[in-house]
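There are 4 protein chains.
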Amino acid sequence: MNREVYQEPLVSRYTSPEMQALFSERSKFSTWRRCWIALAEAQHELGLDNLVTAEMLEELRSNAENIDFDTAAAKEKEIRHDVMAHVYAYGKQCPTAEPIIHLGATSQFVGCNTDLLLQKQALQLVKKALLQVVVNLNKFCRQHKALATLGYTHYQPAQPTTVGKRHTLYLQDLLMDLEAVEWLEGQIKARGAKGTVGTQATFLELFDGDHKKVRELDQLVAKKLGFSEVFPVTGQTYSRKLDVKIAEVLAGVAASAHKFAVDLRLLSNLKVQEEPFAKNQVGSSAMAYKRNPMRSERMTGLARKLMGLVPDFYATYANQWFERTLDDSAIRRMDIPQAFLLADAILRLYMNITSDMVVYPKQIERYLRQELPFMATEKILMAAVRKGASRQEMHEVIKKHSVAAGKRVKEEGGDNDLLARLAADPAMPFTLAELEGMLANPAEFTGRAEAQTEEFLAEEVEPRLARYHELLGDMDSSLRV
Amino acid sequence: MNREVYQEPLVSRYTSPEMQALFSERSKFSTWRRCWIALAEAQHELGLDNLVTAEMLEELRSNAENIDFDTAAAKEKEIRHDVMAHVYAYGKQCPTAEPIIHLGATSQFVGCNTDLLLQKQALQLVKKALLQVVVNLNKFCRQHKALATLGYTHYQPAQPTTVGKRHTLYLQDLLMDLEAVEWLEGQIKARGAKGTVGTQATFLELFDGDHKKVRELDQLVAKKLGFSEVFPVTGQTYSRKLDVKIAEVLAGVAASAHKFAVDLRLLSNLKVQEEPFAKNQVGSSAMAYKRNPMRSERMTGLARKLMGLVPDFYATYANQWFERTLDDSAIRRMDIPQAFLLADAILRLYMNITSDMVVYPKQIERYLRQELPFMATEKILMAAVRKGASRQEMHEVIKKHSVAAGKRVKEEGGDNDLLARLAADPAMPFTLAELEGMLANPAEFTGRAEAQTEEFLAEEVEPRLARYHELLGDMDSSLRV
Amino acid sequence: MNREVYQEPLVSRYTSPEMQALFSERSKFSTWRRCWIALAEAQHELGLDNLVTAEMLEELRSNAENIDFDTAAAKEKEIRHDVMAHVYAYGKQCPTAEPIIHLGATSQFVGCNTDLLLQKQALQLVKKALLQVVVNLNKFCRQHKALATLGYTHYQPAQPTTVGKRHTLYLQDLLMDLEAVEWLEGQIKARGAKGTVGTQATFLELFDGDHKKVRELDQLVAKKLGFSEVFPVTGQTYSRKLDVKIAEVLAGVAASAHKFAVDLRLLSNLKVQEEPFAKNQVGSSAMAYKRNPMRSERMTGLARKLMGLVPDFYATYANQWFERTLDDSAIRRMDIPQAFLLADAILRLYMNITSDMVVYPKQIERYLRQELPFMATEKILMAAVRKGASRQEMHEVIKKHSVAAGKRVKEEGGDNDLLARLAADPAMPFTLAELEGMLANPAEFTGRAEAQTEEFLAEEVEPRLARYHELLGDMDSSLRV
Amino acid sequence: MNREVYQEPLVSRYTSPEMQALFSERSKFSTWRRCWIALAEAQHELGLDNLVTAEMLEELRSNAENIDFDTAAAKEKEIRHDVMAHVYAYGKQCPTAEPIIHLGATSQFVGCNTDLLLQKQALQLVKKALLQVVVNLNKFCRQHKALATLGYTHYQPAQPTTVGKRHTLYLQDLLMDLEAVEWLEGQIKARGAKGTVGTQATFLELFDGDHKKVRELDQLVAKKLGFSEVFPVTGQTYSRKLDVKIAEVLAGVAASAHKFAVDLRLLSNLKVQEEPFAKNQVGSSAMAYKRNPMRSERMTGLARKLMGLVPDFYATYANQWFERTLDDSAIRRMDIPQAFLLADAILRLYMNITSDMVVYPKQIERYLRQELPFMATEKILMAAVRKGASRQEMHEVIKKHSVAAGKRVKEEGGDNDLLARLAADPAMPFTLAELEGMLANPAEFTGRAEAQTEEFLAEEVEPRLARYHELLGDMDSSLRV
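Residue numbers (UniProt numbering), protein chains in the order written: chain Z, 1 to 481; chain R, 1 to 481; chain B, 1 to 481; chain W, 1 to 481.
The hints are simulated quantities; they were obtained by calculation from the structure and are not laboratory data. Watch out, some of these pointers could steer you wrong.
Dumping the calculated BS3-like pairs for lysine-lysine here, alpha-carbon to alpha-carbon at most 30 Å [as the list claims (entries may be wrong)]: (1) Z:K139 - Z:K362; (2) R:K189 - Z:K128; (3) Z:K75 - R:K189.
Every beta carbon over 10 Å from chain B, so not counted as near; a handful from chain W, in silico [said to hold, decoys possible]: (4) S30; (5) I37; (6) L57; (7) S239; (8) D263; (9) K379; (10) K400; (11) E455.
Heads up, the beta-carbon is just placed ideally off N, CA and C, and yes, glycines get one too.
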């Protein structure tokens, strides 16, 4: 690492080797060569075999990977044009093929097709990591499906739910992300062989006006590059609208992770649930005892950053003029890799945290017991209504005493005497004993939480995971952060 | 209109009556009543017919529309709770049903289901308007598919394209929006009957622990409200992640419109293409002759505003704590209607502009002629390469003379003498006559632009429009702005 | 209120009558008339008294307030130009002055100067409300300057601070906002009388080429409108860069309020501090006992919305072309009033909450006691180091036992036995009694918190408030929300 | 450069060595050592000279720069705490001082103070570059103060202005940025020596309860680090609100640059003004003749990116909980260096472009002549009004003929016959000859543009530059990009 200049921390700190490599110079320039080979092969196969010979193809293919970075860099410095510099460097290594490298193409032939290919691959890495988090949370939900815990609205105690049920909410959000990824996969098409402003004029020239051949060229190049579809029309580049969609899907993952991470940080404060604690981790020097939810905090910040990239993509697309302006170049060069690297970093954290999350049932129970009399008010209200009381009136009665009991706890540190107050109210159609009976079993306040969890996992999550059985095979090794 | 306080200009100026009405108080509160009726009916049908009687249902239904706003408003002022205030006002009108209105439900039963229903309907209005723009552009593309015009990259003249082909790019972006709308329709599900924190505890109580019945209740209510699906799990509210997706789809439309509007504003400067000019429109007082592209400018600004709303939705979702916090309330109350109203305003402008766009072929031709010698350079390059010249060397030759000829035009106001310069260069394997022959027919520089346009309309656009034949039936009346 | 169309909730729900009125049509159009009067007066005074007579001035002045909205609206509908429509309506009422209304001016003469004047006034309302919050917090800090409470980092218990000290942090942020407001006041200058594209060409014509007179006109109009400075140069409008600065200052207030509101919502969960509870407020129907921090939640959402407006202003400014494009119009028409209305709503909530905030010392003490042994670790560490122990080693010892003691609390619900564990460790140079002695007095763990609070209030806050004594005079009446 | 992983392009492509170095590891960790030395010195000077000896100070100072990165990195890997790792590495090199390094401090003592120092220095680099752009534009404005050119509103031809006057608008925006930088310099204060949660508890302990000493320590450390002020109160960190302000000031520069760059790109299309053309620059391979405004396009994209960072800072500050949460860490680690590097890259481009901008007077004149008859309409209107015509009627007359003449140009490619049409209208009180006389001299349509330019440069720009005479001394060498 060069310590004399700024280093992007995403690479030096947070991301997987796979994602780092995908957006490296090696990855980019070897994909350029894949594009040039695909173009030459397609030209050869579609009838230009006199111009683009089998021998040339062989030469190009055998030099696909041995990129001479230094020659290209020197040439770029001289002519200030990266594509022509790499055409030059490739041509040096392929003297026979030299005249037909990039034949009929414009810079964006390699530029766009490479961007699309890399993003397609990067999206697979994201999907795989996302699925692993789903696997982890699925397991966690199953494990804690029946563990009653306080629900919170306004971050004030509300009716109880279960730990598993709460986590189905994070899961459901991730499934929405997964569906968005799947939708997006269908939107990523090749830019193909379209020429300077998208009219394929040079290729039509090359093929002596044979429209059918030129159309086939477009599709054949796409197929050779592994795309099932090619954009029907483009300007000089593919529409940057696709970039917006990609950014949104990645930011969607970030948003889901952010929601989860903030909740986990609150749960850590309550000492009821925690991220796994790494051995030898030093907390702040002065506060050694703290189990700071640092990974959740980091996830929060990284997710904020990724969500914050989305407007860049909107502005870049919306301000493209005509067939293309180059105000997209520098910003995409930063934002596209950053977006994927951030998604990668976030999901690795999410995986790590969910792989071994700690739950403290005794603490959970303590909170439940403190709030139980309050939590029972809806049950009491419903029971009273069924006994003929007016909903509105009973609502008022319960409210009055609840507020009074709550005051007592806060202001005097006293016990919760809500049930006694209610029983003493003439409007209440139950004795104290009857009221106490209503809250003997905490679990019964969780309604269908456990059942919902089971249904959700069995009906929504697991069938999807089954579909991805193969992709998930070797996932476990990704768990370390 | 009240002139003494601020008035939201979206309503007073830019939007359709349908969209304005959809987000009115009448619309909202009558949808609340639809929710209460659906709940009562479902409870009745699933066995609570002793508690929720047929007579009550009849009473509720017959008061579905006659909302007593004043009673509700007065009550809300007193108790500061809008849902309870409307339960009260409804109950006043339905004395028999009063005890069972909202039975077992929490505020978000009406809140969320209503939000979802209104957004579902609003999305249909957006889709319909979007389709009409597609219809307009489809017609425009067909009409101008063969009209050659300068392409632009860097907003500098580039290889020619056709007017129709250029507009297929806007169309393709709108089709991506349409696909996003269709995807989104599948994501909008009912919140159903889930109870305070989503556990359905109260309903389970009501149905004496019968899980099957409670699950049916959830689905039956959803069905009665016109949803084909219900979210499997929720907290107190449906996941605000869906709001993000909705905002993104609307902002996607805005982004497409922005890209188009900016291009049209540039074309207006070039005097080659214009938005329809409204009669009696006064330009600036001092510059009466100007045909200012005011609708495109307005579209630009409104689109920027709509794109700018997306981060609000991310932040709101990502910062929800546990089963729900109320920091979503005020912001959603503004942002959701605004997002739909903006989309409506933008699409109405887009419809209006594309319904009768003006093209000036003589001006287009003038620009083409000025740049034709430059534009032929790729053709000359290719021809020379086929004659055996080195691509790199020829590139340099052409570049040198192009720059010189360009300089002459700019600095001296002289004629473009590029061809003469090229012919005089010993490295160039063509005579002046040969070079001039190469650019005799401007149309041949547009490559496959016309063919692409035809293929795109026939294969991509029109089949989709055919699918929406019915929805588009009465569209023409929406054209006036 | 019109219940048939969407109503902006900022007006119907959250804001002060003053701010609502400031951005009303009445306010806007009567300011236009102020501009026209100022222009005519200045023209008269600078020598055009033959053209612009005293009689005309009198006529204009006496019709300054009686705006005929309907005539103007009808004319605008016809000619689609709001300024000319109001010139017409004013002219109808001032038949003598009619030919000289708006003489030499362009629409943006009234447009920009009015925008600037209204924002100047609106900023005063914001400043006044901001100062009142400072007053409230100053009082609160003084009151609770010595009340020890847990500090939090990572939202984990950290060294104690005091309630007052914590609130000096919110105060300091508000003082930074105040300084930004003061800076901004110096940046808001008049647009003056600059003509169509800012060259003052028409005015130079009117004054027969007398540059000095035209320069004076610009400054005199500004002075008459209450500005101390006029922008030296403008295009058609004043630079929208100023709008960015205004938005940032308002969003700065929002950000400060957001930070405070989120903290208060967390404190509410802890039951240690609360917003004042309004009488008759109904919590959720089913959870009557809850004291939901609804104003803080609302403040959070409104602040998020206001912060979210900032990028609109950047994009609008940064994309203005040349002397002016009209893509700024619709978005400014929404965003400027919204920004001020949001700031107003937020500050009114902030005022209300801080006017009577509730603190629960017994709860605060309970938390302190639970964490005291942990909190003492830094003190113990320092003491041990002073006794010769290695900082690093002692750090490890304390860390080990802290983690173990923490585990015991979470996993077993047992007591905190940290001190005993430490005393038993051979590396620790203190007995249990010595250790216990170190934490006998909680207050001594708060370091200089109380002193800092006193110093901060006396040196930073109160001198500033003193400066604004007059402005603050009648503030108390604004306290009700 | 490592070609196997992603490399941040800001460093590899666009920025100055000074700014890259400022945010390097070397810069950061050597500033940490400066902080530790300042702390030790202050402790020594304020009476802890027994604990912190002169010998120790000497040892610390003599090892200030020889950072052992590898030892620190290895230790950090082990204990996962960067500050303690560097304390360790420093201690290894300073065995005597080892026990007192970081004495009484918390990680954020070095973290915050270093962040503040680096940003202070970075801001100076930004200011210097900003001033150089001001110098360049000042010169350019003076040079072209009288060159008449079309003004544009709606990007339609409007009254003429001058090239110099137009550029005073960019200048004025930059002066607003400069004032913002100056304001910001006063806001950046030291975090000082505040302890874990800002209470200075440990330091109070160290100084045996001597408040005065501890307060002096805070200020003395700040002074030693080169700050003139220290924040009166902090939590664990300085308020992240300051980060927002810094980001806004930098984004303000970006916004100014964006506005300028977009205008220049439009001017390039018109062939009236261009960025300097670099020798040997290769345009697109197929369009060698194009003079693509690539630096302006890059500036546009980089500026968009920098403006896009601002919301990150708002969100990070507004979501900090209590004395500090660590969700600020990863995002600040990326966003702060990025913001300064982007500002640096943008200003270097802005400097480069304005150092040698090309203007084409003949092209400018051609446009003027085409539009002159239209441009004269305001003059004609005014003249007619002074001759007694009704403003409204004359407005209509001129409008009608202007639109007709405009149509002729666009639709028929014919000449502009506006004057003839006007002269033939009975309502017009002038002959054709009189009308033609009115537009004989183009310069007279520019009103006070030249005078305004002179006044603005002499009164607003140059006095400020004079103030920075010294800072600007060695600027010229920065001009190469």
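Each hint, compared with the structure:
1. Z:K139 - Z:K362: 21 Å, holds
2. R:K189 - Z:K128: It holds: about 27 Å lies between the C-alpha atoms, which stays within 30 Å.
3. Z:K75 - R:K189: 57 Å, violated
4. S30: 22 Å, holds
5. I37: Answer for I37 (chain W): holds, closest chain B Cβ roughly 18 Å.
6. L57: At about 18 Å from chain B, L57 (chain W) clears the 10 Å cut-off, so the statement holds.
7. S239: Contrary to the label, S239 (chain W) does not stay out of reach of chain B, its closest Cβ about 6 Å off (not over 10 Å).
8. D263: D263 (chain W) not clear of chain B: closest Cβ-Cβ about 6 Å, inside 10 Å.
9. K379: Not fine: 7 Å to the nearest Cβ puts K379 (chain W) too close to chain B.
10. K400: At about 14 Å from chain B, K400 (chain W) clears the 10 Å cut-off, so the statement holds.
11. E455: 7 Å, violated
Violated hints, in rising order: 3, 7, 8, 9, 11; the structure is consistent with all others.
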